[in-house]
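Visitor: So you can see what is in the structure, the chains are spelled out below.
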Amino acid sequence: MAETEIMAQGGVEAIMSCKGGKNEAEENMAAWLLGIKTLRIQPYHLPPLGPHDVKVRIRALGICGSDVHHFKNMRCANFIVKKPMVIGHECAGIIEEVGSEVNYLAVGDRVALEPGISCRRCRLCKDGRYNLCPEMKFFGSPPTNGSLANKVVHPANLCFKLPDNVSLEEGAMCEPLSVGVHACRRANIGPETNVLIMGAGPIGLVILLVARAFGAPRIVIVDVDGVRLSTAKNLGADGIIRVSTNIQDVGEEIVQIQNAMGSGIDVSFDCVGYNKTMTTALNATRSGGKVCSIGLAQSEMTVPLTAAAAREVDVIGIFRYRHTWPLCIELLKTGKIDVKPLITHRFGFSEKEVEDAFETSALGGNAIKVMFNL
Amino acid sequence: MGKGGMSHGGAGEAKDGEEENMAVWLLGVNTLKIQPFKLPTLGPHDVRVRMKAVGICGSDVHYLKTMRCADFVVEEPMVIGHECGGIIEEVGGEVKSLVPGDRVALEPGISCWRCNLCKEGRYNLCPEMKFFATPPVHGSLANQVVHPADLCFKLPDNVSLEEGAMCEPLSVGVHACRRANIGAETNVLIVGAGPIGLVTMLAARAFGAPRIVIIDVDDHRLSVAKDLGADEIVKVSTNIQDVAEEVAQIHKAMGAGVDVTFDCAGFNKTMSTALTATRAGGKVCLVGMGHNEMTVPLTPAAAREVDVIGIFRYKNTWPLCLELLRSGKIDVKPLITHRFGFSQKEVEEAFETSAHGGNAIKVMFNL
Chain A
1 MAETEIMAQG GVEAIMSCKG GKNEAEENMA AWLLGIKTLR IQPYHLPPLG
51 PHDVKVRIRA LGICGSDVHH FKNMRCANFI VKKPMVIGHE CAGIIEEVGS
101 EVNYLAVGDR VALEPGISCR RCRLCKDGRY NLCPEMKFFG SPPTNGSLAN
151 KVVHPANLCF KLPDNVSLEE GAMCEPLSVG VHACRRANIG PETNVLIMGA
201 GPIGLVILLV ARAFGAPRIV IVDVDGVRLS TAKNLGADGI IRVSTNIQDV
251 GEEIVQIQNA MGSGIDVSFD CVGYNKTMTT ALNATRSGGK VCSIGLAQSE
301 MTVPLTAAAA REVDVIGIFR YRHTWPLCIE LLKTGKIDVK PLITHRFGFS
351 EKEVEDAFET SALGGNAIKV MFNL
Chain B
1 MGKGGMSHGG AGEAKDGEEE NMAVWLLGVN TLKIQPFKLP TLGPHDVRVR
51 MKAVGICGSD VHYLKTMRCA DFVVEEPMVI GHECGGIIEE VGGEVKSLVP
101 GDRVALEPGI SCWRCNLCKE GRYNLCPEMK FFATPPVHGS LANQVVHPAD
151 LCFKLPDNVS LEEGAMCEPL SVGVHACRRA NIGAETNVLI VGAGPIGLVT
201 MLAARAFGAP RIVIIDVDDH RLSVAKDLGA DEIVKVSTNI QDVAEEVAQI
251 HKAMGAGVDV TFDCAGFNKT MSTALTATRA GGKVCLVGMG HNEMTVPLTP
301 AAAREVDVIG IFRYKNTWPL CLELLRSGKI DVKPLITHRF GFSQKEVEEA
351 FETSAHGGNA IKVMFNL
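Line by line, the protein sequences are chains A and B.
The first sequence begins at 1 in UniProt numbering and counts up one residue at a time.
The second sequence begins at 1 in UniProt numbering and counts up one residue at a time.
With the rest of the complex left out, here is chain A (with noise of 0.2 Å):
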């Protein structure tokens, strides 16, 4: 059942929408990043459509969390804004015009966007393990422009087309929920294996919905937040345990996550990324189990590794995803997993609203998903 959605006008110039036919001599704007903590919304020329393309009008768009860091710091990780970048990537949208070499997407198809273009040439390809690839252009990511905008052109091999039933903002949740499908297979979730996540934000609780689709019998949940820990729980977790940010209280803490799992705990998943959610995912994992490293908090960290890894847990790393909008859509499509309680907050497109939609998503607290809908 598609939601009914918020149909908003705004820009600098009015938006006039067209669905199935020419274009019109719109102006294509979105929102540019142009210094720490500036978004303006301004014209974005778009390139040329290639013969494997499409072009997406898009419709609904999720703020990530890596979206605000490059608001705040004008870096991420590694990854520094340069020059001017639109900003966004969790999207979803309406195909406007395909290119003549794509046979499988029509005019009026509703889409989820995979938002990395990677190389297809090289050997991480070629083996399937495209996300590692060093030459992706990923939506956001700079220098790539990102799809907080009237439209984008996109590959349409990356574009998904949605069933009658999901929406279009549930298309723009496949993002995220990418990461806790990608992580829940990395980590081989399923009906034997009991998790523990610390860290109940937004991939938190997407790792919690995924797990329980993969087979996950327990499930426990930890977070510094109350708040937070509620929506865990209303969201189907078997436990919720507060914990501090103090790492004095480890050990008290791993009692407490064994006593409520009431077994060993086979996989952790931590989606925080400090010394203290490491150490007690470390620490609380089954020997032979699986840590999955999600959370990119803190990139030196200190950790009791070789205790662990003399009991063979082993660390996963996770980034990004790959192969995993069929799944994600398949997923939304049965009703084996709703998103749609994640979505707490949603703005226009309009300039203020930008800068309120980017402040709430900054903020955390009771924001969980904050949704642009266009």
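For the record, the hints were derived by calculation from the structure and aren't laboratory data.
The reader is advised that the hints may include incorrect statements.
Unchecked claim - Label pairs and their calculated CB-CB ranges:
| no. | chain 1 | residue 1 | chain 2 | residue 2 | range |
| --- | --- | --- | --- | --- | --- |
| 1 | A | 134 | B | 148 | 49 to 55 Å |
| 2 | A | 333 | B | 235 | 40 to 46 Å |
| 3 | A | 338 | B | 43 | 44 to 50 Å |
| 4 | B | 136 | A | 338 | 51 to 57 Å |
| 5 | A | 134 | B | 323 | 38 to 44 Å |
| 6 | B | 119 | A | 233 | 32 to 38 Å |
| 7 | A | 233 | B | 210 | 49 to 55 Å |
| 8 | B | 326 | A | 326 | 28 to 34 Å |
| 9 | A | 246 | B | 130 | 56 to 62 Å |
Beta carbons are placed, not taken as given, at the ideal position from N, Cα and C, and that holds for glycine.
Starting from the structure of chain A, add chain B where the hints point.
Guide: Relative to chain A, chain B alone:
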């Protein structure tokens, strides 16, 4: 067949004329003494083995120097030693696979066989593991031991008792190479050219690794590694500031991406080097146990999907080790650099030699 310094100086005679079983007991820090070691009665599935070759491991040295190793603490006198080969003297009533006179290599650890980890085959992680010379379980530097028959593996005719004893450290290399999936397409970096780095190198080559680069701070160990078949050797420092430059040298020496790195030392610097040098999607195998807590660039590695694989001892490795030795695919004999006999004085010298490191790779007792 290496029979250096053989001495029965340790075995005394008990009152009734039967041989009294003697063993090397760890009594306190730096205190080893040859004393009687009374054996348990032979169970139906056990064998009694006369020890002929026992190697010294870094963990044995650690116990000697500190009376502890990681979380294992020596609280009462304990027989030391666990890398061993010997000859069957007696078999229990239910033992069909071995007969007196058989030459065997011993796998040290007796797991419970009942817990989920054991039943799954990951018995090396059994919480009830009873392992030679891991307190409180007695080791095997003795005239004789009693051991389950299923943990004694018959040596092929062309494999010596010393090579049989070498199966234990070699097993660490084999287990690591299996967990890291070493094969014909994995370029390997080995950090540390001590005994474990060297057996890992030998195992990696036997598993088909096309290119192996090994690094260490010690020139002599590096030249041994080169003689044993390393494609390239790189001398590195103990200074963590040098990581970036050393990674550049490593990449140059490899000439290609590093698919798997084995950290056989286990320090902040070696792990940082390993995590930084390994290609995206590759693996770092942490074998060495230098420091419990480590400060390392874990996140950048995780963000390139470089996985960290843990290694603890081994499982189901003896048959493969013996086959690799039998066929000559691996030659461990060059690793045995020093030999000693079984007398109080020689035992003390042997441990001092092993503790000293340097030229000593594997110090072997011949009993």
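Visitor: All hints, please: hold or fail.
Guide: Hints, verified against the model:
At about 52 Å, the beta-carbon gap between residue 134 of chain A and residue 148 of chain B stays in the expected band of 49 to 55 Å. Hint check: residue 333 of chain A to residue 235 of chain B, Cβ distance near 59 Å, so the stated range 40 to 46 Å is violated. Under the hint 44 to 50 Å, the C-beta atoms of residue 338 of chain A and residue 43 of chain B, about 59 Å apart, miss the expected range. Remark: the range hint 51 to 57 Å for residue 136 of chain B to residue 338 of chain A is upheld by a beta-carbon distance near 54 Å.
Hint check: residue 134 of chain A to residue 323 of chain B, Cβ distance near 41 Å, so the stated range 38 to 44 Å holds. For the hinted restraint 32 to 38 Å between residue 119 of chain B and residue 233 of chain A, the CB-CB distance of approximately 34 Å keeps it satisfied. Range check, residue 233 of chain A to residue 210 of chain B: about 52 Å between beta-carbon atoms, so the 49 to 55 Å window is met. Taking 28 to 34 Å as the suggested C-beta distance range, the pair residue 326 of chain B and residue 326 of chain A does not conform, at roughly 50 Å.
At about 38 Å, the beta-carbon gap between residue 246 of chain A and residue 130 of chain B misses the expected band of 56 to 62 Å.
Checked against the numbered hints given earlier, the structure breaks hints 2, 3, 8, 9 and satisfies all the rest.
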